[in-house]
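Whole structure, please, built from the sequences with the hints as guidance.
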Amino acid sequence: MDDFIKQYPIYTEIPVAWGEMDALQHVNNVVYFRYFESARIDFFNQINLFSELQTANIGPVLADNHARYKRPVTYPDTLLVGVTISDVQSDRFMMHYTAFSQAQQAVTTLGSSLVVMFNFKTGKKSKLTGTLLDSLKSHEKQV
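Per the UniProt record's numbering, the very first residue in the sequence shown carries number 1; after that it's consecutive.
Just so you know, these hints were derived from the structure itself, not from any lab. Treat the hints with care, as some may be off.
DSS-like, lysine-lysine: derived pairs with alpha carbons at most 25 Å apart [claimed, not checked]:
#1 LYS121 - LYS141
#2 LYS6 - LYS70
#3 LYS137 - LYS124
#4 LYS6 - LYS137
#5 LYS6 - LYS141
#6 LYS125 - LYS137
So this is what it looks like as structure tokens:
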């Protein structure tokens with residue numbers, strides 16, 4: 001686990017709930033997108049991305065979302081979902097997620113999202129502000 005935290009200094013701890021398992025007795029595939037969402041929102045809060053939404057009505061929307069399932073997860077467990085950023089452009093960036101099971105001491109799921117900035121007033125995509133661009137670039141890793 002220490003190696004995971006060193007590799008992913010930005011992570012969110014998520015306890016697995018009993019009700020997230022399906023009839024096949026493992027966490028349902030759709031639940032991972034909720035886990036990724038929790039990690040994404042956690043990251044956005046850390047870099048103050050939502051302040052743009054409040055002041056300029058500009059915020060993030062998902063253009064694409066993927067998951068790759070490597071190992072099943074069951075209750076009880078706690079996942080650490082690490083976040084990395086890549087491909088930062090003027091109006092978009094990629095987020096990458098790595099879910100690590102504390103019970104299994106292994107990576108269970110990988111994911112990614114293409115995040116595009118969107119102006120909710122105009123209904124069109126928008127550029128990242130200089131502050132957000134700098135913050136994202138400071139977290140950017142080559143994938």
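How the hints compare with the structure:
no. : hint            : result
1   : LYS121 - LYS141 : 32 Å, violated
2   : LYS6 - LYS70    : 21 Å, holds
3   : LYS137 - LYS124 : 23 Å, holds
4   : LYS6 - LYS137   : 19 Å, holds
5   : LYS6 - LYS141   : 14 Å, holds
6   : LYS125 - LYS137 : 19 Å, holds
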